[in-house]
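Student: Residue-level listing of the chains:
Protein chains: 2
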Amino acid sequence: MSKDSVKLLNFWPSMFGLRVHYALDLKGVSYDYQEESLSNKSKELLEANPIYTKIPVLIHNGKPICESLVIVDYIDSVWPGSHKLLPEDPYEKAVARFWADFGDKKLHDAGDRLIRAMGEEHKKAGEDFKWALMKIDEALGTIAPGKPFFGGDAMNFADVGLAPFICWFKGYQKVGGFVLPGPEEWPNLYKWVDAVNSVDAIKISTPSDDKVTESVEHYRKSVTGAA
Amino acid sequence: MSKDSVKLLNFWPSMFGLRVHYALDLKGVSYDYQEESLSNKSKELLEANPIYTKIPVLIHNGKPICESLVIVDYIDSVWPGSHKLLPEDPYEKAVARFWADFGDKKLHDAGDRLIRAMGEEHKKAGEDFKWALMKIDEALGTIAPGKPFFGGDAMNFADVGLAPFICWFKGYQKVGGFVLPGPEEWPNLYKWVDAVNSVDAIKISTPSDDKVTESVEHYRKSVTGAA
Chain V
1 MSKDSVKLLN
11 FWPSMFGLRV
21 HYALDLKGVS
31 YDYQEESLSN
41 KSKELLEANP
51 IYTKIPVLIH
61 NGKPICESLV
71 IVDYIDSVWP
81 GSHKLLPEDP
91 YEKAVARFWA
101 DFGDKKLHDA
111 GDRLIRAMGE
121 EHKKAGEDFK
131 WALMKIDEAL
141 GTIAPGKPFF
151 GGDAMNFADV
161 GLAPFICWFK
171 GYQKVGGFVL
181 PGPEEWPNLY
191 KWVDAVNSVD
201 AIKISTPSDD
211 KVTESVEHYR
221 KSVTGAA
Chain Y
1 MSKDSVKLLN
11 FWPSMFGLRV
21 HYALDLKGVS
31 YDYQEESLSN
41 KSKELLEANP
51 IYTKIPVLIH
61 NGKPICESLV
71 IVDYIDSVWP
81 GSHKLLPEDP
91 YEKAVARFWA
101 DFGDKKLHDA
111 GDRLIRAMGE
121 EHKKAGEDFK
131 WALMKIDEAL
141 GTIAPGKPFF
151 GGDAMNFADV
161 GLAPFICWFK
171 GYQKVGGFVL
181 PGPEEWPNLY
191 KWVDAVNSVD
201 AIKISTPSDD
211 KVTESVEHYR
221 KSVTGAA
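Here the protein sequences come in this chain order: V and Y. With the UniProt record's numbering, letter number 223 in the first sequence gets 223, and the count goes up by one each step, no holes. With the UniProt record's numbering, letter number 88 in the second sequence gets 88, and the count goes up by one each step, no holes.
Read the hints as simulated data drawn from the structure, not as lab findings. A few of these clues could be false.
[To be verified] Calculated lysine-lysine pairs in the BS3-like style (CA-CA distance at most 27 angstroms, straight line):
| no. | chain 1 | residue 1 | chain 2 | residue 2 |
| --- | --- | --- | --- | --- |
| 1 | Y | LYS54 | V | LYS105 |
| 2 | V | LYS147 | Y | LYS63 |
| 3 | V | LYS105 | Y | LYS135 |
| 4 | V | LYS54 | Y | LYS106 |
| 5 | Y | LYS135 | Y | LYS203 |
| 6 | Y | LYS106 | V | LYS43 |
| 7 | Y | LYS123 | V | LYS105 |
| 8 | V | LYS106 | Y | LYS106 |
| 9 | V | LYS27 | Y | LYS93 |
| 10 | V | LYS130 | Y | LYS43 |
| 11 | V | LYS54 | Y | LYS124 |
| 12 | Y | LYS105 | V | LYS7 |
| 13 | Y | LYS105 | V | LYS130 |
| 14 | V | LYS93 | Y | LYS84 |
| 15 | Y | LYS221 | V | LYS63 |
Make a model of the complete structure from these sequences and hints.
Tutor: Written as structure tokens, this is what we have:
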């Protein structure tokens with residue numbers, strides 16, 4: 001592993017970039033980090049991801065891998081190690097992939113509308129965001145009853161796909177003008193949040209809620225003019 | 001394999017459902033088929049996919065698997081057989097996953113706007129659709145130079161992800177009011193289309209271009225009122 005060249009091109013608040021951080025850090029893989037400016041992307045990023053021109057990109061021994069869940073899958077194949085993220089059992093693996101992808105399809109989609117939309121569409125985004133978290137609470141109770149993670153006692157592919165949204169919860173509530181239900185209503189979700197936040201490998205790259213919130217508020221203002 | 005109960009819930013023109021057909025048929029897996037009406041979904045579908053309430057769903061020995069690329073991945077794990085869809089090499093696997101996902105992110109997205117949008121947004125959708133096909137032509141030339149498929153001499157995960165769009169090309173052009181460049185401009189793409197269309201396992205479930213086109217025109221009319 002010591003001879004590998006591993007580099008992550010990223011923009012710090014990105015939940016997609018955090019997925020890659022989490023996967024690498026859970027595996028204990030050493031890597032270089034390059035912070036990108038989204039308004040002035042590096043030549044390296046544009047050449048490494050010519051299709052989407054987006055972060056994150058992992059460059060492993062000169063080869064670029066793009067799209068966060070594809071990257072996490074790649075990391076799990078190259079460095080299986082002692083912390084395998086994808087279950088061996090095909091059905092359990094499909095369940096883990098389904099919930100990681102749910103982060104893209106529902107949490108990110110609703111979150112993006114919380115930042116960009118106004119009026120009824122903005123209100124609907126808040127409802128959709130809360131619905132998505134309720135479904136995650138229910139799923140945790142069904143898939144891993146009594147356990148903290150989708151992966152049971154340790155984070156798996158679903159956890160890595162969804163955990164990066166945790167540091168955005170405060171910002172989404174702030175720009176959405178709503179307050180999420182508490183642990184009484186969503187016990188599995190809050191147990192999961194506490195478990196994720198107590199994993200040392202996760203702490204390494206997770207920005208503070210306040211720093212993310214400031215960034216989210218700034219971004220909403222820049223795209224909508226709304227305070 | 002003979003003791004397995006395998007059932008596909010689907011709606012015939014769906015490119016997502018066709019992915020599942022293609023994966024099962026390439027593997028030679030026997031399965032039951034249940035056609036769904038999108039305006040009157042079966043109780044079985046709603047219970048099997050409570051999160052998205054969408055086709056396709058594969059029900060294997062009573063367990064539902066949802067989301068087309070998750071299903072194709074599952075099929076490849078359960079029935080690896082002689083036709084493996086995902087490459088063993090982690091980088092080649094990541095490339096295959098990237099291009100299958102490109103079908104969702106770019107082809108389907110642009111195609112959906114070709115059906116639903118009007119005016120400038122509709123025109124932009126046509127440009128985006130052509131851009132996506134151009135990128136597929138380029139990718140084929142880079143990933144599998146001189147070979148017919150993303151998978152080289154046989155279809156892989158990327159081919160299964162993208163091939164279902166082929167029978168939609170005519171319909172997209174019809175409702176988009178544009179004509180795609182020909183084989184002189186996109187030699188790799190057209191070589192790939194011919195290769196896909198000549199695979200016996202693909203012919204089993206692929207509806208005719210004309211039947212899909214009729215469905216696409218009907219759908220655009222129903223959502224926009226446009227002829």
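Student: Hints the structure violates: just list their numbers, smallest first.
Tutor: 15
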